[in-house]
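K.L.:
Order-wise, the sequence lines are chains A, F, S and E.
According to the numbering used here, numbering within the first sequence proceeds without interruption in unit steps and concludes at 303.
According to the numbering used here, numbering within the second sequence proceeds without interruption in unit steps and concludes at 303.
According to the numbering used here, numbering within the third sequence proceeds without interruption in unit steps and concludes at 303.
According to the numbering used here, numbering within the fourth sequence proceeds without interruption in unit steps and concludes at 303.
Careful: at least some of the hints might be erroneous.
Per label pair, the in silico range of CB-to-CB distance [stated by the list, open to error]: (1) Gly-81(A) <-> Ile-155(S): 58 to 64 Å; (2) Gln-33(E) <-> Arg-128(F): 35 to 41 Å; (3) Cys-61(E) <-> Ala-46(A): 23 to 29 Å; (4) Gly-148(E) <-> Ser-229(S): 42 to 48 Å; (5) Asn-297(F) <-> Ala-173(E): 43 to 49 Å; (6) Tyr-203(F) <-> Pro-60(A): 38 to 44 Å; (7) Pro-161(S) <-> Gly-130(A): 20 to 26 Å; (8) Gly-130(E) <-> His-225(A): 43 to 49 Å; (9) Ala-197(S) <-> Gln-205(F): 53 to 59 Å; (10) Gly-78(E) <-> Val-219(S): 26 to 32 Å; (11) Gly-148(E) <-> Gly-95(A): 38 to 44 Å; (12) Glu-179(F) <-> Thr-168(E): 56 to 62 Å; (13) Ser-172(S) <-> His-225(A): 47 to 53 Å.
No lab work stands behind these hints, which were simulated from the structure alone.
On a predicted model such as this, the values are computed, not experimentally measured, just so you know.
Heads up, the beta-carbon is just placed ideally off N, CA and C, and yes, glycines get one too.
4 protein chains.
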Amino acid sequence: MKDSGSCTLTLSCPDQTGIVARVAGLVAAMGGWITEASHHADPCQGIFFMRQQIRADSLAGGIGDFCRSFAPLARELGMEWQISDQRIPKRVIILVSGQGHCLYDLLGRWRSGELHMDIPCVVSNHETFRGLVEWHGIPFYHVPVPERDKTRAFSAIREIFENGKGDLMVLARFMQILPADFCERYPQKIINIHHSFLPSFVGAQPYHQAYSKGVKLVGATCHYVTPDLDQGPIIDQDVIRVNHADTPDHLVRMGRDVEKIVLSRGVRYHLENRVLLHGNRTVVFT
Amino acid sequence: MKDSGSCTLTLSCPDQTGIVARVAGLVAAMGGWITEASHHADPCQGIFFMRQQIRADSLAGGIGDFCRSFAPLARELGMEWQISDQRIPKRVIILVSGQGHCLYDLLGRWRSGELHMDIPCVVSNHETFRGLVEWHGIPFYHVPVPERDKTRAFSAIREIFENGKGDLMVLARFMQILPADFCERYPQKIINIHHSFLPSFVGAQPYHQAYSKGVKLVGATCHYVTPDLDQGPIIDQDVIRVNHADTPDHLVRMGRDVEKIVLSRGVRYHLENRVLLHGNRTVVFT
Amino acid sequence: MKDSGSCTLTLSCPDQTGIVARVAGLVAAMGGWITEASHHADPCQGIFFMRQQIRADSLAGGIGDFCRSFAPLARELGMEWQISDQRIPKRVIILVSGQGHCLYDLLGRWRSGELHMDIPCVVSNHETFRGLVEWHGIPFYHVPVPERDKTRAFSAIREIFENGKGDLMVLARFMQILPADFCERYPQKIINIHHSFLPSFVGAQPYHQAYSKGVKLVGATCHYVTPDLDQGPIIDQDVIRVNHADTPDHLVRMGRDVEKIVLSRGVRYHLENRVLLHGNRTVVFT
Amino acid sequence: MKDSGSCTLTLSCPDQTGIVARVAGLVAAMGGWITEASHHADPCQGIFFMRQQIRADSLAGGIGDFCRSFAPLARELGMEWQISDQRIPKRVIILVSGQGHCLYDLLGRWRSGELHMDIPCVVSNHETFRGLVEWHGIPFYHVPVPERDKTRAFSAIREIFENGKGDLMVLARFMQILPADFCERYPQKIINIHHSFLPSFVGAQPYHQAYSKGVKLVGATCHYVTPDLDQGPIIDQDVIRVNHADTPDHLVRMGRDVEKIVLSRGVRYHLENRVLLHGNRTVVFT
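Using the sequences and the accompanying hints, generate a full structural model.
P.N.:
And the structure:
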């Protein structure tokens with residue numbers, strides 16, 4: 018597993034000369050063995066982004082020690098930063114509705130160890146996938162989302178998430194619009210897969226919109242959820258070629274393959290702390 | 018050359034049982050040797066589309082004879098149809114502004130025989146490419162398009178197109194918005210390359226729009242021009258992967274490669290009579 | 018479902034003028050409503066290929082009647098042909114070893130109805146996936162394949178396939194080389210997914226070979242199995258971009274996504290009778 | 018232009034803790050403003066690779082000064098290294114035979130400033146492109162390569178390259194096999210575009226080989242030339258989807274688009290010192 022045994026330091030700050038030297042110098046001084054390093058200076062905004070993956074066993078004093086040593090530099094350079102112990106799997110709660118392709122895909126990747134996460138539970142507004150989920154040894158919660166009483170449903174989901182000590186919610190084709198206050202409560206903690214190549218075809222039935230427009234490629238977009246419907250920061254996207262003979266039904270089928278792959282990539286990037294935010298744009302260190 | 022020596026029959030009509038049998042039967046009865054055949058029945062609209070490529074020398078009586086024999090069947094089935102002699106190259110007038118990548122690309126494909134067309138002239142609102150064009154033995158017309166007198170400019174272009182007996186105008190990154198009446202005069206006779214994956218990023222500076230939005234792929238769209246800006250029927254599209262480190266300048270550079278390829282494909286499909294229209298959607302028999 | 022309610026006629030024969038007219042004429046004469054039609058004339062070999070998808074309910078006399086009427090024409094034109102009732106799902110036996118990503122993917126597509134097939138059983142040389150398979154209500158057979166006694170193992174598999182009235186075996190990352198006589202017994206009835214872009218990297222550990230060679234794309238190939246290892250007719254292929262930082266482990270992970278998609282596409286093409294053979298090349302009417 | 022105004026430091030050395038810190042520290046100490054930085058530690062071989070792009074005007078003492086300060090560290094860490102002034106365009110001699118698509122493409126990119134290089138001359142074993150090249154103001158040398166006297170031809174080419182103070186030879190579809198001693202003389206100084214997805218289809222007529230094999234994608238590979246035919250280190254590759262209906266002629270046409278793009282990318286990477294070598298594998302910092 019890529020990140021087992023690693024700590025990941027991520028940071029952003031105003032750009033200036035010498036940041037890499039100082040951060041790398043400090044990590045080296047503490048014995049940190051960097052196995053993967055990425056940085057990016059945004060020339061338009063003058064902001065510097067960095068991700069360092071450090072062998073956990075090389076930090077003799079552990080993460081606590083590291084933090085104490087790092088804090089003064091971070092303060093001096095005006096950093097937003099965090100260090101994350103990749104040995105502790107993140108807790109991911111999956112939400113799904115009536116279509117199971119993304120759920121199947123995520124469960125398969127979790128079982129094989131490809132996605133390094135715990136799944137405290139799966140939540141759905143349908144009963145469809147209870148059997149599959151429970152067979153995997155994962156609790157399944159059925160939370161109906163009736164049109165006239167969404168508030169209660171979403172407060173139930175919030176409770177499940179909090180009680181499950183969730184780090185991340187993944188909307189694996191969860192076909193309900195989240196209330197604005199719900200989204201605001203969990204910034205960069207909810208990942209959605211939208212079944213179009215955003216910003217084209219926001220909202221409902223994007224494959225039917227794509228068919229009407231006669232586009233020659235359809236796609237999917239994995240993004241963080243914000244109160245703005247389908248407008249949150251984009252983590253990954255991909256497309257597949259279609260043609261005039263593809264009916265909306267075909268587009269739906271072909272699109273599912275793109276959705277699965279794009280969602281799982283986005284989730285992996287998040288689990289491995291590869292995604293940094295900057296306004297509505299992401300920096301993704303792949 | 019793919020189409021040298023061929024005639025191309027294209028048609029559309031209300032769908033019903035037996036159309037293929039009747040058309041193929043009639044072509045066979047006249048000795049027509051079909052080298053490539055495509056059809057498509059749109060199940061949503063009940064419309065049937067067909068393209069038959071026939072060896073010209075197999076039609077003993079020539080195209081005139083074919084038309085006389087075919088007309089009654091066409092009438093009976095309510096067809097829109099045409100037969101085109103691919104041995105006669107279409108006359109294509111290229112319009113360009115200050116960026117030459119699509120022009121270079123089209124000239125190269127024309128010289129090598131890949132694009133089977135005549136180029137009566139190139140028109141530009143700049144002098145930049147006069148030398149290159151004239152070296153190729155092609156007349157070059159400089160038509161300035163001043164902000165306050167576009168009417169005169171576009172009537173000059175219309176005159177050049179008509180005098181040159183043009184079949185098609187190709188906007189090879191021609192950075193002027195065509196007047197509505199100009200577009201209406203030439204339905205399915207003007208091909209544009211738009212530097213975004215439509216319907217995303219209509220209008221000016223699409224790469225800058227793409228950068229702001231933080232998309233992970235940028236693209237280009239080849240479409241017929243209609244009075245609706247960037248909304249005409251899409252012939253072809255493609256995309257290329259980008260990331261957070263790509264500035265708008267990078268997107269421009271990377272996008273150029275997509276633009277060239279998508280435009281040249283669209284032009285080739287048109288030259289070979291592979292594009293049929295149906296409302297704002299295309300049927301492209303590749 | 019695309020093919021529910023359809024019969025599929027596939028044929029190949031020496032090319033000559035008028036085949037389409039005669040076949041389409043005969044289908045029309047029997048009332049056959051063609052919903053999808055494809056043909057291809059191979060200009061190098063002079064062979065004609067055709068696939069017609071006909072609404073089953075439009076053939077008043079049923080398939081038996083159709084066959085009787087069609088046989089004389091087929092004989093006259095020297096056809097190899099068959100007509101298949103798509104309403105009857107094909108019986109597909111899946112073989113798997115220790116890696117489950119293709120199995121998960123196929124089961125998910127089967128459950129959602131995307132792949133129209135029956136799965137009489139899954140066979141494996143490991144016990145790993147018994148639980149998952151049986152949870153889906155599918156019998157699971159553990160057939161060890163010991164190095165020194167493969168003969169017995171493969172005769173057990175043959176028996177399972179014959180008793181299960183299998184139409185197709187799918188090697189979903191089954192990591193055993195099939196004996197030549199086994200392959201010969203089931204021409205065009207065994208589909209394999211090879212984890213490289215063939216003909217590159219035949220045989221074992223293709224991702225490690227790809228890494229050593231330093232290629233910039235890795236891929237997967239879905240093909241019919243013949244006695245020639247990894248040389249059978251190719252049904253579909255795809256690739257994904259990699260770079261110098263991708264270790265063999267990364268290539269394995271990234272390749273899995275390509276394998277799943279390419280295998281499922283190949284299986285679907287086969288189930289829908291879209292694949293015709295011609296020597297070692299396939300004609301795939303997508 | 019991406020690299021105008023930059024110096025590029027590239028290096029490789031045995032991996033150990035603290036390299037980034039020491040290099041970045043030294044660059045910072047000299048006032049160097051890093052605009053782009055990449056590194057890669059190969060975990061299989063224990064080798065570290067780095068590329069730093071530094072604003073030239075930030076190095077007060079110039080490159081000479083930098084080298085004097087850097088040399089001791091380089092020696093201590095066992096580096097292979099170089100620093101290259103990107104403001105001085107590299108001198109690129111293009112070799113071409115009878116097909117001009119790559120030549121057209123490179124000239125277009127050179128004219129627009131996309132490829133930052135000088136072209137002292139173009140060499141060809143045919144006269145075909147003299148006019149085009151000379152119109153661009155570039156000298157053109159016709160060097161016939163007769164079957165029975167290749168030695169003389171290649172010593173003429175060597176002389177042209179040396180007299181032209183060439184930094185790089187680009188084989189833009191130059192259809193002659195270079196003698197082994199010629200290749201050995203110019204390691205990492207000759208870039209070729211091979212018209213297949215290597216290692217598939219080495220040698221002559223790769224598109225015909227691809228057709229016979231029935232592959233579903235064809236590609237192109239840009240690589241450094243070594244005495245081993247088509248086996249040199251791969252810089253970039255790409256593919257395009259094809260199907261059974263594509264004759265070898267189609268594959269040739271479709272492949273040309275891939276060749277142009279892959280060659281131009283490879284050349285740009287080389288011009289910007291983005292390619293580091295490690296045995297027969299490349300590290301490409303894109």
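K.L.:
State for each hint whether it applies.
P.N.:
A quick look at each hint next to the structure:
1. Distance hint check for Gly-81(A) and Ile-155(S): the Cβ-Cβ separation is about 50 Å, which falls outside the suggested range of 58 to 64 Å.
2. Our hint of 35 to 41 Å for Gln-33(E) and Arg-128(F) is violated, since their Cβ atoms are close to 55 Å apart.
3. The given range of 23 to 29 Å is respected by Cys-61(E) and Ala-46(A), whose C-beta atoms sit roughly 28 Å from each other.
4. A hinted range of 42 to 48 Å holds for the C-beta pair Gly-148(E) and Ser-229(S), which are about 45 Å apart.
5. Checking the proposed 43 to 49 Å range against Asn-297(F) and Ala-173(E) shows it is violated: the Cβ atoms sit about 59 Å from each other.
6. For the hinted restraint 38 to 44 Å between Tyr-203(F) and Pro-60(A), the CB-CB distance of approximately 43 Å keeps it satisfied.
7. Checked against the hint of 20 to 26 Å, the C-beta distance between Pro-161(S) and Gly-130(A) comes to roughly 24 Å, which is consistent with it.
8. The given range of 43 to 49 Å is respected by Gly-130(E) and His-225(A), whose C-beta atoms sit roughly 44 Å from each other.
9. Taken as a hint, the range 53 to 59 Å holds for the pair Ala-197(S) and Gln-205(F), whose Cβ atoms sit roughly 57 Å apart.
10. A C-beta distance of roughly 56 Å is found between Gly-78(E) and Val-219(S), which places it outside the suggested range of 26 to 32 Å.
11. A hinted range of 38 to 44 Å is violated for the C-beta pair Gly-148(E) and Gly-95(A), which are about 60 Å apart.
12. Look at Glu-179(F) against Thr-168(E): about 59 Å separates their beta carbons, and that is inside 56 to 62 Å.
13. Distance hint check for Ser-172(S) and His-225(A): the Cβ-Cβ separation is about 52 Å, which falls inside the suggested range of 47 to 53 Å.
Figure legend: structure checked against the earlier numbered hints; hints not met, in rising order: 1, 2, 5, 10, 11.
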